[in-house]
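**Student:** Residues per chain, in single letters:
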Amino acid sequence: QQQVKQSPQSLIVQKGGISIINCAYENTAFDYFPWYQQFPGKGPALLIAIRPDVSEKKEGRFTISFNKSAKQFSLHIMDSQPGDSATYFCAASPPSNTGKLIFGQGTTLQVKP
Amino acid sequence: ETGVTQSPTHLIKTRGQQVTLRCSSQSGHNTVSWYQQALGQGPQFIFQYYREEENGRGNFPPRFSGLQFPNYSSELNVNALELDDSALYLCASSQGVNNSPLHFGNGTRLTVT
Chain A
1 QQQVKQSPQS
11 LIVQKGGISI
21 INCAYENTAF
31 DYFPWYQQFP
41 GKGPALLIAI
51 RPDVSEKKEG
61 RFTISFNKSA
71 KQFSLHIMDS
81 QPGDSATYFC
91 AASPPSNTGK
101 LIFGQGTTLQ
111 VKP
Chain B
1 ETGVTQSPTH
11 LIKTRGQQVT
21 LRCSSQSGHN
31 TVSWYQQALG
41 QGPQFIFQYY
51 REEENGRGNF
61 PPRFSGLQFP
71 NYSSELNVNA
81 LELDDSALYL
91 CASSQGVNNS
101 PLHFGNGTRL
111 TVT
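The listed protein sequences derive, respectively, from chains A and B.
Under the working numbering, the first residue of the first sequence carries the number 1, and numbering increases by one thereafter.
Under the working numbering, the first residue of the second sequence carries the number 1, and numbering increases by one thereafter.
Treat the hints with caution; some may be incorrect.
Under 8 Å between C-beta atoms, here's a sample of chain A residues computed to sit facing chain B [to be verified]:
1) 43
2) 58
3) 96
4) 104
5) 106
Derived, one-sided and incomplete: chain A residues facing chain B with beta-carbon distance under 10 Å [what the hints assert, rightly or not]:
6) 24
7) 49
8) 105
Honestly, the hints are just simulated from the structure, not real lab data.
Computed from a prediction, not measured in an experiment: that's the story for all the values here.
Quick reminder that beta carbons are idealized off the backbone N, C-alpha and C, glycines included.
Isolated chain A, as found in the complex (with noise of 0.2 Å):
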C-alpha cells in the first residue's frame, strides 16, 4: 500500500514534443505529491508539487496533472528542450509529513535536438 509505481521507464521526445510521465498511488492516505529532476552526479531538485484538493498545477512548461480518483498523477513537460534531459522522480508523501517521501523508480528523459 505504501508503494508509488511510475513509467515508461524511459522517453524519448523531439526538441518542442511534449514528455509524459506518469505515476500511480495505492494509499489514499497520501496528501502531497512532488516531482524531482535529477541530473548526473547530483541531488533530486524540487520541480513541482500538487496537493490532492486541485486537479492541475502549472508552473512554466511544466504541469501536473492530478485524477484523485483514480490514484494517478501526471507530469507534462510542454515545449521540451534537450536541456530537460535529466531523470525525472514523481513522489508521494503521508499526512503531516513532507519529508517522508515515497519514490516512484524514475524515469530517463531524452530530448533529441
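Guided by the hints, dock chain B onto chain A, whose structure is given.
**Tutor:** Showing chain B alone in chain A's frame:
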C-alpha cells in the same frame, strides 16, 4: 542562501567497517531527512530528524543510525557495512516537518568492497 551540503562526496569502505556521513542543512531549515538511492532506483527514506530527535524511520535495520545537532546539521552512521549498502546517500532539509518541500544535497557515493 546556502544549500544542503554533504561530505564526503565519495567514500570506499570494506565490508564490516563503519562509516559516518555528514550533512549541513540549508539555512533556516530545522529538519533533516536521509535517503538511500541505489543505482537506477528512486531514493528510499531512511529516517528523519527534527529538533534533534528521530521523527520517523523507513524500512532500514538498526545498524543505520543518526544524529542531529543543535545547529541542525546531521550525521548518518552505518555499522557492519554490507555490499548492498553501496549507494548514493542523500540528505535533504526542510523548514519543519509539514508544508515544506525537501531540498536535497548532492549526496555521498558510498562503495562497499
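**Student:** Under 8 Å, Cβ to Cβ, is where residue 104 of chain A needs to be relative to chain B, so tell me if that hint holds or is violated.
**Tutor:** Given a least distance of 6 Å, the restraint on residue 104 of chain A holds.
**Student:** Does the CB of residue 105 of chain A sit less than 10 Å away from some CB of chain B?
**Tutor:** holds (5 Å)
**Student:** Under the criterion of a CB-CB separation shorter than 10 Å, is residue 49 of chain A in contact with chain B as hinted?
**Tutor:** For residue 49 of chain A, the interface hint holds, since the closest Cβ of chain B sits about 6 Å away, which is under 10 Å.
**Student:** Have a go at the residue 43 of chain A hint: is there a Cβ in chain B nearer than 8 Å to its own Cβ?
**Tutor:** This hint holds: residue 43 of chain A lies near chain B, its Cβ roughly 4 Å from the closest one there, short of 8 Å.
**Student:** Less than 8 Å between beta-carbons is the criterion; does residue 96 of chain A satisfy it with respect to chain B?
**Tutor:** Cβ of residue 96 of chain A sits 5 Å from chain B, so the hint holds.
**Student:** Can residue 24 of chain A be said to touch chain B, with a Cβ gap under 10 Å?
**Tutor:** violated (14 Å)
**Student:** Can you verify the interface hint for residue 106 of chain A: is its Cβ closer than 8 Å to any Cβ in chain B?
**Tutor:** holds (5 Å)
**Student:** Holds or violated: is there a CB of chain B closer than 8 Å to the CB of residue 58 of chain A?
**Tutor:** violated (17 Å)
Consistency with the previously given hints fails for numbers 2 and 6, ordered from lowest to highest.
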